[in-house]
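*Asks:* Following the hints, put chain B in place on chain A, whose structure we already have.
So the protein sequences, as listed, match chains A and B. The numbering of the first sequence is the working numbering, which starts it at 1356 and goes up by one. The numbering of the second sequence is the working numbering, which starts it at 1356 and goes up by one.
Careful: at least some of the hints might be erroneous.
Since copy identity is lost for identical chains, a pair holds within one copy or between any two.
[As the list claims (entries may be wrong)] In the DSBU-like style, the derived pairs of lysine-lysine whose C-alpha atoms are separated by at most 35 Å in a straight line are:
{"id": "1", "residue 1": "K1513", "residue 2": "K1474"}
{"id": "2", "residue 1": "K1480", "residue 2": "K1420"}
{"id": "3", "residue 1": "K1554", "residue 2": "K1480"}
{"id": "4", "residue 1": "K1379", "residue 2": "K1513"}
None of these hints come from the bench; they were simulated from the model.
Each chain is listed here by its residues.
There are 2 protein chains.
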Amino acid sequence: MVRIAVLVSGGGTNLQALLDAERKGILTSGKIVLVVADREGCKALEKAKTHAVPSLMLDKNTLGKAEFEKKLVEALEENGIGLVILAGFLSILSGDFCRRFEERMINVHPSLIPSFSGKGFYGLKVHEAALLRGVKVTGATVHIVDNVPDGGRILMQKAVEVMDNDTPETLQRRVMEQAEWIILPQAAEMMCRTIDGEKENTL
Amino acid sequence: MVRIAVLVSGGGTNLQALLDAERKGILTSGKIVLVVADREGCKALEKAKTHAVPSLMLDKNTLGKAEFEKKLVEALEENGIGLVILAGFLSILSGDFCRRFEERMINVHPSLIPSFSGKGFYGLKVHEAALLRGVKVTGATVHIVDNVPDGGRILMQKAVEVMDNDTPETLQRRVMEQAEWIILPQAAEMMCRTIDGEKENTL
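Excised from the complex, chain A in its bound form (with noise of 0.2 Å):
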């Protein structure tokens, strides 16, 4: 079993969807143990105590970026956290942190990598690209985090068609219930079977 910690900074629904992973037996491998929030206030925080995960958040405006991935890391050390999830964080972490939780990070980008994705790409601006271009797919990628933005190993992808009547928000809404939501939890559970395995291959 995989000690999992989500990092968040909004709303949570990638986190209730690994949440709701766990009840419905999709997310076995793998249990989340630990939220961590960078800024007061993320209704992500809330979904943990009702659902009585351990959160933390760490402000990371206030702390300043060393401060607060130093605090981040003695936060993950001290709970024996295997797999690091990204969901909704926006915070861009060092490459010291990466390498340090190499092949241990995944994040969930709401676009079909390469597209729309790098420097800038997050959240509505994603989906405010997608509709200038005037894609008619798009879609989600969960994918190993790297220091490259959006840069690292693909795990998952899925596409979501794209309507004539789509605003950034209607958009974003489906590209999350129609594939961030599956391939999150689906990915999560993969990372958590090969990080496993490994540990069983290591004893």
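*Replies:* Chain B only, in chain A's frame:
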């Protein structure tokens, strides 16, 4: 009824899909009346002959770009062409040519634009790049041709799953079968209806 010219450089599988779509009643608002190849020995030319579609070979290498385009324009105008379809056509057309056939020329590209598109991405190179990046979803795009390579307005896109054991060749074949051969005739029909509609509005 819109008179269609199909421009080809190779095997003519997309031409075949268009001819099949005519036979099956998927492409009903336009008729393929001319096939033009930009090099000798294209199998597509044989396909045109088999289906009794008039064809023309303009060897771009021998003619040079300017003379090639001049003769191409002449052939298209003599034949009263209302829609030009680039179907595996490898020559890059000049800005002048693109402007002359503005909103009357479409192309099929074997990826989900903007991924793996633009300069240098053609044929197998597209699928090699997709496999190298490790995407799990790719597809095809039909778009209006303007003077930016693969940059015009997107008409249709269709997603195709990448398999773990795919080679560039198997992926290319599946993208043709599951996407290009489906959306190219559909987009051609859509364009013919639009062009016919505009004509009626002008009369």
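*Asks:* All the hints need checking, so say for each whether the structure fits it.
*Replies:* Quick rundown of the hints versus the structure:
1. For the homomeric pair K1513 and K1474, the shortest alpha-carbon distances inside one copy (21 Å) and between copies (26 Å) are both at most 35 Å.
2. When the C-alpha separation of K1480 and K1420 is checked against a cutoff of 35 Å, the pair qualifies only within one copy, where the shortest distance is 24 Å, while the shortest distance between copies is 41 Å.
3. In this homomeric assembly, K1554 and K1480 never come within 35 Å of each other (Cα to Cα): the closest approach is 39 Å inside a single copy and 39 Å across copies.
4. For the homomeric pair K1379 and K1513, the shortest alpha-carbon distances inside one copy (21 Å) and between copies (31 Å) are both at most 35 Å.
Violated hint: 3 only; the structure is consistent with all others.
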